[in-house]
Structure formats: structure tokens, C-alpha cells
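Visitor: Sequence order for the protein chains is A and B. In terms of my numbering, the first sequence opens at residue 54 and continues consecutively. In terms of my numbering, the second sequence opens at residue 5 and continues consecutively.
Simulated from the structure, these hints should not be mistaken for lab results. The beta-carbon is built from N, C-alpha and C at its ideal position, and this holds for glycine as well. Heads up, none of these hints are tricks.
For lysine to aspartate or glutamate, the following DMTMM-like pairs were computed, each having C-alpha atoms within a straight-line distance of at most 25 angstroms:
(1) A:490 x A:220
(2) B:91 x A:454
(3) A:380 x A:421
(4) B:76 x A:331
(5) A:215 x B:56
Have a look at the derived ranges for each label pair, beta carbon to beta carbon:
(6) A:92 x B:50: 30 to 36 angstroms
(7) A:285 x B:50: 28 to 34 angstroms
(8) B:99 x A:393: 28 to 34 angstroms
(9) A:390 x B:47: 48 to 54 angstroms
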Amino acid sequence: MGGLLFGSALVLLLVGAPIVVSLGLSSLLFIIQNGIQPIVVIQKLFAGIDSAALLAVPFFILAGDLMNRGGIAKRIVNMAGAAVGNIHGGMGIVAIISCMFFAAISGSGIATAAAIGGVMLPGMLRAGYSRSFSATIIAAASPIGVIIPPSIAFIVYAVLAKVSVSDLYKVGFPAGFIVGVPLMVTTYILAKKRGYKERAEKIALGEIVLEGVPETKEENRLSGFRYFVDSIWAIGTPVIIVGGVFAGIFTPTESAVVAVIYSIIIGIYVYKEMTWSDLPKIFLDSAISTASIMVIMAAAALFAWVMVYVQIPQRILTFVMGITTNKNLVLLLINIIVLIAGMFMESASIQYILVPIVLPIVVALGVDPVHFGIMLVTNLAIGMMTPPFGITLFTGARVFDISIQEITKESLWYLLSLIFSLMLITFFPQLVMWVVK
Amino acid sequence: MRSLKTLNKISHGLNKLCGWYLMLAFTIMTVTYFGQIVLRYVFQTGFQWTEELTRYTNISLVMIGSAVMAGKNSHINVSILQSIVSKSARKWVIIFQQIITAIFFGAAMKISFDMIKLAGTQVSTNMRIPMAYVYGMFPVAFSILVFQVIVFILNSIFVEKEED
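Bound-form chain A, shown alone (with noise of 0.2 angstroms):
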């Protein structure tokens, strides 16, 4: 019965067919072949997307293209800057930094590694850093940007799973660090056996001339407490919207309305970095970004219902169950089905497609929901920088401007330490879970 579904989906999608048509037409296929109203299509498709939370996703999309052009997500680097200071790989940290911090406004990875990737470049290259070494780092970095709240992909869970998205919040947080020291150390050891410090004294001294580097603007440094507080309204953004939702203030998707509004207030009238005139461009270009991910959304949800109206979510769990009720050798299967779903997939419709399948599995081994979400997130995490398709891989190499394949040549070390954060988060709960028991 599943054999149709799943083997005209991957059919579809391994002939490059967009991947909600792929979803559309083999549930489609399947629909007219036992004899459903074919109705149901446009019904699932309305009501897959059709969700007051689920509103979130347009809003962080928009909220994280004002930041970045509205000067917010500069600010945050200078203050990474500032604390990290001048050690072996201090650039290539000041970006991971970066992510973290905008991770923390920001509810996803391509917004994450888009701004944080044009604010670094020039600093990364000038580091001495290769183009391929700086746009594997933001690559690997910014998929951060949805384990650390706001998530649109925590969002994307609680709304599937059924759980509390500030729970997930909160785990999300432990989480970040878990993923994130780990690249840090990595970048250090790197950085060092290749001596980008001295290459940068030798670019700082004109012994090596970068092309096509973009000149380091003399802005008027502020010092002391002006400094403070024209960095208080980026550091406040966070404040606001993980903040509100975690007093009860907010649901998350006000809080990415509030953000919305307050990075254009910021943007326009306190940083003056951008003007009421840039605003059109800005909401089309993430108008466009939400619908590219929101209609894979739409088409998942048809694909999901599909699938449990053919009881395939109940026939898989009882193969599995027959096969081993090891919860560990369990949890690490799905983790490689989901890295090798996350090579081709966008994430969201993995989630949509996968949760129905495995949360009754992991439940019924007695894994927490929560801690499942969290484990689940952080690993799309990873497969938005694993080739062929990964969405801050793509963004990495436009924004350094190389090729795929370079950046992939470079991405193996951090694809190791994004798997070794996976397996602690996967086989310690308690690293994460303490927040939240």
C-alpha cells in the first residue's frame, strides 16, 4: 500500500521535481488510485498551513531580513567582536558567536547565516581565513539559529507533537551550547595547525593582497557607555521575544510580530541604517522566502495524511517494536534515517512527515516528547549543512561567493563535531533536560 506513495515521492524527487509537487502528485497518484474524493487534496493543503501558530513562520522569516538590513545583526557581531578578542580562530568564534546571539532573535538558520555570513565576510577574510574555511563556519554555525529560541522548526514540532513550545524554548538553550563549544573547539585546533593568525599579520602588513575584499568602513567606534547603548537595542531583541514568550506575555508567533515591528522601529528611526522606502523589497523577498517553505509545509501535511490514513505510522511502529524495544538502538536509527531525510529534504517536511511516524514509537519506549523535539531539531539542524541539499550550506557559498563543492570539501570536521553534539544531546537527556524538570 505504502510502496505507491513512497516509491513515486522518491521517484519524483530524485528526478528534481520541486519537492512539494513530489509530495502533491504522489499523494495525488495515491488518492485516485483507492477511490478518495480527490477534494481531500486542496482540504490538506488549506489545513496543513491553515494554523494561528504556525503564523510564526512568516513573521521570523520577515523579522530576520529587517535585522540584518536594519543594522541589529552588525551590532551583534561587534559585540562577539569585543568579547572574544584577538586568539587563534578569534574570527571564526566571533561568528559562531554571532550565530548563537542571532539564534536568539532570529527563528531561522538561512536568516542566521545570510547575516551574520555578509556582516563577517570582509572580518573572516582579513583574519586570513580562505573563503571556504569562513563560509564552512557560518554553514555550520548558523543552523544554531533554530535550536536556540525563537525556532520556527521548535514551532513546527509543538504544533505536530502536540507539546509545549515553551518547554522546547527552554531545552533549546542547553541545546545551543551543546552544538556550539564543540564548533568553537574545532575552529580553534583548526585555525591554529594552519596559522590563519600569522597570514592575517601578513595581510595586515600588505605582504598578502586579498581581491575583491570589501573595505573594513572606519565607522566612528563608540566607546563606554555610548557604545553600551546603542548596543542595548540589538541585545534587547532577544530580551523581547524569548523573554515574553517565556513570562507569558507573548505566544511565539506575537513575539515574531513584535519583533517585526520592533527591528523596523530600530532599523528606521535608531540606527537609521535603513528607510521606509527599502521596506517594499524587504517584505516581498521574505514574502517569497515564507511561501517556498510554507507551500513544502502544505504539501507535507497532504503526503502525512496520506500516509495515516493508510495506517502506515501503526504498521511501522509495530515492525519496529518486533525488531528491538532498545530504546537507544531505536533512538540512534531514526537519528541516521532522519541525517540521511535531512541530505534531501527541506526540514520542515521532514517533520511533518516523520513525527506521525516515530513520536508513537519513541513514547512508547518511554522517551519524553520534549526531549525527543529537541533531538529531532538538532538534527535538521545538522542537515542544513550537509550537501547535497543544505539550506546554509547554499546561503554560505552564495554569500562567500564559492562553489558547493568547496565548502563541502571543508565541512567535514564540523559535520563530525554537529554529530558528536547530536549523540550527547540523543544519549544524555539530563545534559538538557534539567532546564525543564
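Fit chain B to the supplied structure of chain A, relying on the hints for placement.
Guide: Quick look at chain B alone, frame taken from chain A:
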């Protein structure tokens, strides 16, 4: 060739129109949703319909946005096949992908007309607007989408473009 030029003009015009709609829709969503928050926290009052309006507007934004993307061949896909085949085959792979896209959304367009008929006199929960209007966004968006995909296919076949 002249008829293709006309089609391209229509396609371009539709794209502009869709672009305007997307900006307007996103603005409406932001303003109404933010307005609702202000009303609730500052004035302890609110409207039932704002959330519903935002949800429906968002769905229409997603569907119209999809139409715009389809015409530019920019929907997210797994691009392994087109990156491993030769340059000349690549063109046909993309055309094939676009034909599949047209088939799915063409079928969805047909089904969406049935959906409107089925909606009949139903009205939405909060705004009390006929659901037939709400579902109306599907045939509109899908028709534009299919048209744009067809124009894209015709352009790929008949117009020799330098590969980027």
C-alpha cells in the same frame, strides 16, 4: 515567436501584479496582527476576526508566492540530476521537471474548482465570509502558476539563452 513575446509580456505583468499582492498581503498581516496585540494588552479589547484574516491572507501569500516562484523555476528541489548531466541534457531535465509541475498544479487547479462548489454557502467561523471566496485563492493562484510554468517551458524550448 511573436506570440511568445506576447505571452512573456503577460507573464511579466502577472508577476508584477503578484509582487504587489505579496507586499500588500504581508503588510496587512503585520498590521492587523500587531494591531490585535496592541488592542489586547493596551486596551484590553480585541477582535475575533484578526487572527482568521491573518491566517487566510498568509495562505494566499504562500499560494501566490508559489506561482511567482514556479515561473522562475525557483521552487526548492533536489538538484542532483541536473548537476550531473551534460549541459544540453540539463535543459531537458529542467523542462521535464517543469512539465511534472504543470501536471500536478493543473490537476490541483481542476480539483480546486470542485472545492469551491462543495464549499457552497459555508461561511468562515469569525469573519462570516463565504468559504467559497477563501478557497477561490486556489484556482486563481494555481491558474497563474500553470500559466507561468507553461511560459517558462516555451521559453526554454524556443529561446536560446546563454547558460548562467
